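> Here's the letter readout for the chains.
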Amino acid sequence: MNYLSIKDIDSIEDWVKEARELKQAPLKYKQLGSDKTIGLLFFNPSLRTRLSTQKASQQLGMNCMVMNFDKEGWALEYGDGVIMDQGKSEHVKEAAKVISQFCDIIAIRAFAGLEDKDLDKAEVVLNGFVKYASVPVVNMESSVGHPLQALADAITLQEDKVRLNDKKPKVVLSWAPHPKALPHAVANSFIEMMQRQEAEFVITHPEGYELDPEVVGDSTVEYDQNKAFEGADYIYTKNWSSFREYGKVISKDVSWTISEEKMALTNEARFMHCLPVRRNVVVNDAVIESENSLVIKQADNRTYAAQVVLKKILESI
Amino acid sequence: MNYLSIKDIDSIEDWVKEARELKQAPLKYKQLGSDKTIGLLFFNPSLRTRLSTQKASQQLGMNCMVMNFDKEGWALEYGDGVIMDQGKSEHVKEAAKVISQFCDIIAIRAFAGLEDKDLDKAEVVLNGFVKYASVPVVNMESSVGHPLQALADAITLQEDKVRLNDKKPKVVLSWAPHPKALPHAVANSFIEMMQRQEAEFVITHPEGYELDPEVVGDSTVEYDQNKAFEGADYIYTKNWSSFREYGKVISKDVSWTISEEKMALTNEARFMHCLPVRRNVVVNDAVIESENSLVIKQADNRTYAAQVVLKKILESI
Amino acid sequence: MNYLSIKDIDSIEDWVKEARELKQAPLKYKQLGSDKTIGLLFFNPSLRTRLSTQKASQQLGMNCMVMNFDKEGWALEYGDGVIMDQGKSEHVKEAAKVISQFCDIIAIRAFAGLEDKDLDKAEVVLNGFVKYASVPVVNMESSVGHPLQALADAITLQEDKVRLNDKKPKVVLSWAPHPKALPHAVANSFIEMMQRQEAEFVITHPEGYELDPEVVGDSTVEYDQNKAFEGADYIYTKNWSSFREYGKVISKDVSWTISEEKMALTNEARFMHCLPVRRNVVVNDAVIESENSLVIKQADNRTYAAQVVLKKILESI
Numbered sequence: 001m002n003y004l005s006i007k008d009i010d011s012i013e014d015w016v017k018e019a020r021e022l023k024q025a026p027l028k029y030k031q032l033g034s035d036k037t038i039g040l041l042f043f044n045p046s047l048r049t050r051l052s053t054q055k056a057s058q059q060l061g062m063n064c065m066v067m068n069f070d071k072e073g074w075a076l077e078y079g080d081g082v083i084m085d086q087g088k089s090e091h092v093k094e095a096a097k098v099i100s101q102f103c104d105i106i107a108i109r110a111f112a113g114l115e116d117k118d119l120d121k122a123e124v125v126l127n128g129f130v131k132y133a134s135v136p137v138v139n140m141e142s143s144v145g146h147p148l149q150a151l152a153d154a155i156t157l158q159e160d161k162v163r164l165n166d167k168k169p170k171v172v173l174s175w176a177p178h179p180k181a182l183p184h185a186v187a188n189s190f191i192e193m194m195q196r197q198e199a200e201f202v203i204t205h206p207e208g209y210e211l212d213p214e215v216v217g218d219s220t221v222e223y224d225q226n227k228a229f230e231g232a233d234y235i236y237t238k239n240w241s242s243f244r245e246y247g248k249v250i251s252k253d254v255s256w257t258i259s260e261e262k263m264a265l266t267n268e269a270r271f272m273h274c275l276p277v278r279r280n281v282v283v284n285d286a287v288i289e290s291e292n293s294l295v296i297k298q299a300d301n302r303t304y305a306a307q308v309v310l311k312k313i314l315e316s317i
Numbered sequence: 001m002n003y004l005s006i007k008d009i010d011s012i013e014d015w016v017k018e019a020r021e022l023k024q025a026p027l028k029y030k031q032l033g034s035d036k037t038i039g040l041l042f043f044n045p046s047l048r049t050r051l052s053t054q055k056a057s058q059q060l061g062m063n064c065m066v067m068n069f070d071k072e073g074w075a076l077e078y079g080d081g082v083i084m085d086q087g088k089s090e091h092v093k094e095a096a097k098v099i100s101q102f103c104d105i106i107a108i109r110a111f112a113g114l115e116d117k118d119l120d121k122a123e124v125v126l127n128g129f130v131k132y133a134s135v136p137v138v139n140m141e142s143s144v145g146h147p148l149q150a151l152a153d154a155i156t157l158q159e160d161k162v163r164l165n166d167k168k169p170k171v172v173l174s175w176a177p178h179p180k181a182l183p184h185a186v187a188n189s190f191i192e193m194m195q196r197q198e199a200e201f202v203i204t205h206p207e208g209y210e211l212d213p214e215v216v217g218d219s220t221v222e223y224d225q226n227k228a229f230e231g232a233d234y235i236y237t238k239n240w241s242s243f244r245e246y247g248k249v250i251s252k253d254v255s256w257t258i259s260e261e262k263m264a265l266t267n268e269a270r271f272m273h274c275l276p277v278r279r280n281v282v283v284n285d286a287v288i289e290s291e292n293s294l295v296i297k298q299a300d301n302r303t304y305a306a307q308v309v310l311k312k313i314l315e316s317i
Numbered sequence: 001m002n003y004l005s006i007k008d009i010d011s012i013e014d015w016v017k018e019a020r021e022l023k024q025a026p027l028k029y030k031q032l033g034s035d036k037t038i039g040l041l042f043f044n045p046s047l048r049t050r051l052s053t054q055k056a057s058q059q060l061g062m063n064c065m066v067m068n069f070d071k072e073g074w075a076l077e078y079g080d081g082v083i084m085d086q087g088k089s090e091h092v093k094e095a096a097k098v099i100s101q102f103c104d105i106i107a108i109r110a111f112a113g114l115e116d117k118d119l120d121k122a123e124v125v126l127n128g129f130v131k132y133a134s135v136p137v138v139n140m141e142s143s144v145g146h147p148l149q150a151l152a153d154a155i156t157l158q159e160d161k162v163r164l165n166d167k168k169p170k171v172v173l174s175w176a177p178h179p180k181a182l183p184h185a186v187a188n189s190f191i192e193m194m195q196r197q198e199a200e201f202v203i204t205h206p207e208g209y210e211l212d213p214e215v216v217g218d219s220t221v222e223y224d225q226n227k228a229f230e231g232a233d234y235i236y237t238k239n240w241s242s243f244r245e246y247g248k249v250i251s252k253d254v255s256w257t258i259s260e261e262k263m264a265l266t267n268e269a270r271f272m273h274c275l276p277v278r279r280n281v282v283v284n285d286a287v288i289e290s291e292n293s294l295v296i297k298q299a300d301n302r303t304y305a306a307q308v309v310l311k312k313i314l315e316s317i
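Residue numbers (the working numbering), protein chains in the order written: chain A, 1 to 317; chain B, 1 to 317; chain C, 1 to 317.
The reader is advised that the hints may include incorrect statements.
[As the list claims (entries may be wrong)] One-sided excerpt, in silico: chain C residues whose CB lies under 10 Å from chain B: (1) Met1; (2) Lys23; (3) Gln24; (4) Leu27; (5) Gln31; (6) Leu32; (7) Asp35; (8) Lys71; (9) Glu72; (10) Asp85; (11) Lys93; (12) Glu94; (13) Phe102; (14) Val221; (15) Leu265.
Hints listed in this document are in silico derivations from the structure and should not be mistaken for laboratory results. Predicted, not measured: the structure shown is a model, and the values here were computed from it. Where is the CB? At the ideal position from N, CA and C, for every residue including glycine.
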């Protein structure tokens with residue numbers, strides 16, 4: 001059993017329920033991972049993912065080996081039949097098989113390069129490990145998705161929406177400006193998760209920032225941010241670079257920054273963001289620091305999202 | 001309860017006593033930290049601090065997550081109200097709150113930049129975490145202080161001074177030359193610790209190397225190193241850059257190097273240094289290798305200094 | 001007791017037997033390392049060595065502290081009497097003594113620089129730690145040897161050669177081309193290990209690639225690779241740079257690449273390599289992916305090689 005995308009969850013409702021039970025009793029399954037080892041392989045920086053996944057594995061009694069693959073290991077080749085006489089020292093075919101002998105679960109973070117759309121969509125690093133590893137693989141953010149984040153977001157939504165009683169929430173995914181070109185992974189997984197929720201779901205962004213149509217599917221896209229915000233119960237904010245003009249920053253329009261004025265258009269919406277966040281660019285101080293901000297709770301739920309995933313994998317092996 | 005400076009110790013005598021008891025029975029409190037997690041966040045290199053704090057936490061049964069924040073995480077912003085459209089990806093307000101959810105104690109190393117005195121005195125990194133973390137914070141060397149080192153030094157002095165019977169020791173903090181500009185943290189914390197000891201305490205350095213007057217207070221400063229060394233029982237050596245001409249190296253005068261000739265002026269003084277040390281620049285081989293050198297014992301006591309601090313924090317939470 | 005080279009093994013046969021027993025019951029000695037700490041110090045990249053040594057230490061119940069010394073610690077000086085006013089911040093004399101206080105075993109990886117033959121042969125890093133540490137030292141690949149790899153290779157050979165019944169195997173160590181200058185460590189330790197095995201052992205390489213005569217001794221060298229391969233049961237492949245023209249790449253002759261045609265000359269030989277390996281430069285895809293390739297088993301046995309070494313050291317302290 002792998003955890004590569006939201007699609008690997010059979011029932012989001014059940015997983016969220018189980019994660020919330022783990023949050024109440026984080027050490028209940030401390031024997032489950034005893035003498036089992038997880039390897040966390042980082043090809044990119046990480047704060048929340050690194051610490052929450054370590055924490056989750058410890059709470060399940062696992063050994064955790066963390067490796068900054070890009071700095072501490074060997075540059076990997078992913079192509080078939082390549083004559084490896086350039087900069088790459090090892091092929092993923094060997095690396096994945098070898099690490100599988102040391103680890104019972106392999107978790108991988110490898111961001112999009114944002115230069116070659118086809119390469120990124122192929123998720124060469126993650127899928128290279130999936131193809132050649134002989135143990136379960138967990139996606140700690142790949143070029144295309146960040147399903148541990150989206151699962152944590154589902155937990156956070158479930159916890160918070162009791163305040164709405166049985167009203168179906170309106171959830172808006174809003175693009176916001178950012179100085180750098182960022183990947184689509186968080187937005188993609190959030191969309192895939194929302195498409196399976198009982199909710200009114202709207203995506204809003206400037207023209208040219210359309211996400212991968214294969215991900216968006218028939219989800220509603222509204223180009224007028226103000227209109228999208230009307231009646232919203234949740235504003236989930238994230239920057240991403242252009243998908244069409246792949247990896248380009250085609251707008252830094254600060255009128256899209258999440259401000260108090262924008263939030264005033266909503267139905268007292270809660271503000272959500274996966275972090276790290278650029279204050280006063282993506283969101284103003286007043287919004288992120290308000291009582292309606294859920295960002296710290298989202299980060300807390302990363303532990304229980306990781307823990308439910310690892311628990312299910314441990315139970316399957 | 002935080003451990004940010006020597007001022008956080010209510011009784012140095014009691015803490016030293018407890019540390020020495022831990023040294024005799026390092027595993028006695030192995031249940032105390034069970035299922036508790038400490039996060040060690042490094043913004044600068046570390047050998048002794050890294051390994052001794054890990055060791056101390058393990059001896060208390062804790063989980064320890066180590067993170068080289070500058071290399072593995074996101075560049076942090078510390079200012080209020082900043083429009084984060086430059087190089088910083090995350091604000092300490094989020095980072096500290098988030099890490100507090102994964103860790104029961106946060107320990108931080110962040111050296112002085114030695115470019116902006118006010119910025120360094122404000123200890124923006126350490127105090128940023130103190131302000132926004134919801135768990136205890138430990139200083140693993142900040143821009144202004146290194147209280148784990150000074151506590152280890154207090155342990156070492158206490159262990160060694162039995163040879164003096166009840167004589168009040170003369171302890172000299174001596175500047176020594178160094179090719180690079182170094183921070184004031186070790187000297188500051190040593191002074192603060194010595195000011196609370198029963199001892200004759202003298203600081204000696206070339207003119208222009210006066211330390212922060214707020215730290216030095218009414219401690220004796222003697223510009224003639226030879227005179228300062230007369231009758232000394234302990235020579236604690238450390239280089240620091242100028243405080244007045246902030247961060248500048250204004251002298252590399254090798255006549256200040258700790259040599260056998262210098263040590264001959266003392267009362268068979270023991271040589272102390274926090275390490276790492278530049279041999280034959282700060283201190284000559286013959287002195288650091290002599291039987292009167294305490295530097296290896298000082299490093300050993302780093303474990304028990306850290307362990308008593310963590311034990312007290314664990315007991316407080 | 002140190003583990004610095006194959007010479008530190010009293011009986012390869014006994015150690016291999018014990019390693020294979022550990023492979024059958026990896027957790028049998030989990031109490032042995034309880035409350036003991038191993039420090040893994042890396043001065044160079046590592047994948048297999050890093051993870052397998054961590055895994056082995058965990059299976060023995062040890063605490064494991066990993067440190068990328070070159071990135072996270074201080075640049076070390078190894079010379080005697082040096083005036084340390086240049087780039088090095090700490091002397092190995094202090095570092096080794098200090099780390100010995102935090103760790104019950106120190107393991108070190110420090111590759112050859114391949115610029116100064118005498119410096120590399122002196123193994124300044126490894127021997128610096130051996131000289132000044134007060135605890136056992138393990139070689140995780142030094143400038144001259146890689147005895148954990150060679151021990152794993154001995155285990156792999158022992159496991160595999162049952163297929164030959166009692167026939168004495170013919171084992172060939174073959175040089176192969178590589179774009180970069182590589183150290184001699186793996187080849188050296190493999191030779192030292194093979195010289196103590198019941199086997200017909202042949203070394204083959206182009207002229208100019210003669211290894212250190214002190215290591216090769218009276219082992220057979222055959223310059224005709226095809227002739228060497230005749231009747232071989234094992235082809236152990238490795239690139240190394242010239243020893244005579246120290247550290248130079250004097251040939252990239254692709255006729256030495258291990259191909260199916262080359263393997264057809266053998267007695268259905270098994271292919272061995274320590275990894276990482278450059279595919280289609282050192283060895284063709286068809287060979288490394290064939291059923292006769294033992295490379296993944298070799299990597300697996302790294303865990304048990306490390307574990308038997310650590311077990312013997314733990315039993316000795």
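> So, for every hint listed, does it hold in this structure?
Results for each hint:
Evaluation of the methionine 1 of chain C hint against chain B yields a violated restraint, the C-beta minimum of about 22 Å exceeding 10 Å. The interface hint given for lysine 23 of chain C is violated, since its Cβ lies 28 Å from the closest Cβ of chain B, which is over the 10 Å cut-off. For glutamine 24 of chain C, the interface hint is violated, the least distance from its beta-carbon to any beta-carbon of chain B being 29 Å, above 10 Å. The restraint placing leucine 27 of chain C at the interface with chain B is violated, with a minimum CB-CB distance near 20 Å, outside the 10 Å limit.
Proximity of glutamine 31 of chain C to chain B is violated relative to the hint, the smallest CB-CB distance being about 14 Å (cut-off 10 Å). Violation of the interface hint for leucine 32 of chain C is found here, the shortest Cβ-Cβ separation to chain B being roughly 16 Å, above the 10 Å cut-off. For aspartate 35 of chain C, the shortest C-beta to C-beta distance to chain B is roughly 6 Å, which falls under 10 Å, so the interface hint holds. For lysine 71 of chain C, the suggested interface contact is upheld, since its CB lies about 7 Å from the closest CB of chain B, less than 10 Å.
Nearest Cβ of chain B to the Cβ of glutamate 72 of chain C: about 6 Å, under the 10 Å cut. The hint holds. For aspartate 85 of chain C, the interface hint holds, the least distance from its beta-carbon to any beta-carbon of chain B being 5 Å, beneath 10 Å. About 8 Å separates the beta-carbon of lysine 93 of chain C from the nearest beta-carbon of chain B, less than 10 Å, and the hint is met. This hint holds: glutamate 94 of chain C has a C-beta 5 Å from the nearest C-beta of chain B, less than the 10 Å allowed.
For phenylalanine 102 of chain C, the shortest C-beta to C-beta distance to chain B is roughly 4 Å, which falls under 10 Å, so the interface hint holds. For valine 221 of chain C, the interface hint is violated, the least distance from its beta-carbon to any beta-carbon of chain B being 44 Å, above 10 Å. Evaluation of the leucine 265 of chain C hint against chain B yields a violated restraint, the C-beta minimum of about 48 Å exceeding 10 Å.
Of the numbered hints listed earlier, those contradicted by the structure are 1, 2, 3, 4, 5, 6, 14 and 15.
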